[in-house]
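Asker: Given these sequences and hints, build the entire structure.
Residue numbers (the numbering used here), protein chains in the order written: chain A, 1 to 304; chain B, 1 to 251.
For the record, the hints were derived by calculation from the structure and aren't laboratory data. The C-beta atom is built at its ideal place from N, Cα and C for all residues, glycine as well. Keep in mind that a hint or two might mislead.
One side of the interface only, derived from the structure: several residues of chain A facing chain B at Cβ under 10 Å [as the list claims (entries may be wrong)]:
#1 THR2
#2 ARG5
#3 ALA6
#4 VAL15
#5 LEU18
#6 TRP22
#7 PRO86
#8 TRP87
#9 VAL88
#10 GLU205
#11 THR207
#12 ARG210
#13 THR215
#14 GLU216
Letter by letter, the chains look like this.
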Amino acid sequence: MTFRRALAYFFREAVVSLARSWKVSFVAVTTIGVSLFVGGVFLVVGENLARVAEQAREDVRVVVYFEPDAGEEQMASVARTAERMPWVRATAVVTAEQARERFVEIFPGLGELLERDAEALPPSLEIGVRPDAAPSEGYQSWLERLRDTPLVSTVDDDQEWISQLGAAVAVVRGLGLALGAILLAAAVFTIGSVIRLTAYLYEEEITIMRLVGATEFFIRGPFYAEGLLQGLIGGAVAAGGLWLAFRSVATRLTGSLLGALTLVEAPSVEDLALLVALGTAAGLVGAVVSLRGESLGEPPVDEI
Amino acid sequence: MIQFFHVAKSFPGGQQALDDVTFSILKGEFSFLTGASGAGKTTLLRLIYRGEVPSAGRILVNGRNVSSLPRRKIPYLRRTIGVVFQNFRLIDRKTVFENVSYLLRILGEDREEQRRLAFQALERVGLAHRANAFPPQLSGGEQQRVAIARAVIQQPDILIADEPTGNLDPDLSWEIVRLFLDINRRGTTVLLATHDRAMIERVGGRVLTLDAGRLVADERVIGAAPPEPLPSPESTGSAEVAGQAGSEVAP
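Answerer: Next up, the structure:
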């Protein structure tokens, strides 16, 4: 039999078997779908956090906030001093008025908050810094000098929160990887159990297949195809679910900080394809592992 | 065709199924294998198609030593041996046609060839009109005829049958035996296990008798009423075998 014909036979038999035992197949597909969905959520959130961190790294700033009574000359002097540092790309003075306008532009509904506290947004100096500035010699002492400058209230360094964000990305990714791996292993086990159960159900049939001369390849092929199909469907369900979940949550989180941080971009086609591929592989592996060492349908030995 | 040399078979519990069995069946012979229940008939048949491995001795089928056959080659041996069981062993969820053509599908025959050979085999057993039925929709006799059609679809060298009439009434049993004789007349070596002594005496032929795992008799019996050939048999050049069953005198 040609390989192509054999494959066609395997998948035809697998579809029939899926339909026959749809309840257990449903359990297997659901397990793998949920596992991959959870893993996919972590993947998408982790990717978006990493993207945010990367963008932030490209645009690292040190923001020097002044006391409300700091004059323009004072701020310009600090800017001139900063511009002499090798890691500084550019400086820009932001007056209290400009800061207020920015805030209202970003959060239109929260403008009244500023009316209660006129000094809520102090004047500042935004200093653009090269992404590789943090390890530079003298960078930290320069920050310290800035903090000690008269009329400077606070100095915020983006590097600090970017490194924290980097750590968060690593945690999300690690957690996603660990959780995904555990759930995927559970899914592989479930699919394996379902396939073994199906093989037991078909034991008499397999015995007959052996008696008429079917090879191991021909006997096991439909079970492998069934595992593969279960994984494929589970992966597709996870990919579809992730896409729909993203669309639904993204709509609700538009404009919020959480949304800005975690759902900047939808799961890519590559991400969704990865879920489907992982599901398919998990299904196939589950089927192969579950039937390894099983002497399917060997004739009974109790008759003499 | 089938040769046993001092074959013994014991099971893990220590049960001795066969003990020092030696015989030889020639190509085109029709033989009965008989003995009481538990005499070792089923074990002997299973040894032929490598359903079991002998504990001692040597078994040659078509000149091949089946005892030392690698596992991966067993399917190819079984494709040359048709097997029929008392309980038919049909796949209930497949149609009669699918059951019969299953081996052809394994062999990769195209659909047209599958149809042609399956209908030819079903016509031989008189069941072409039930090709689309499922086994549970058939009577016991019909199911056994389907099993025979499946066993002979590839014109195997050997056909072995384990109590094929055990679940059938006498009239149906007679029809089934006539089918086996017809198949034998076309050149296939047939070994039919039965404990139905009356059937053997009616048909006649070579009879191997087992008792507690030992071959206690290898004789030829003259049939009291050997059956007429089935109507319109297709002559396949096996005339030298035709009429052999029941026509010879016991040595």
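Asker: Taking the earlier hints as the rules, which of them does this structure contradict?
Answerer: Result: hints 4, 5, 6, 7, 8 and 9 break, sorted rising.
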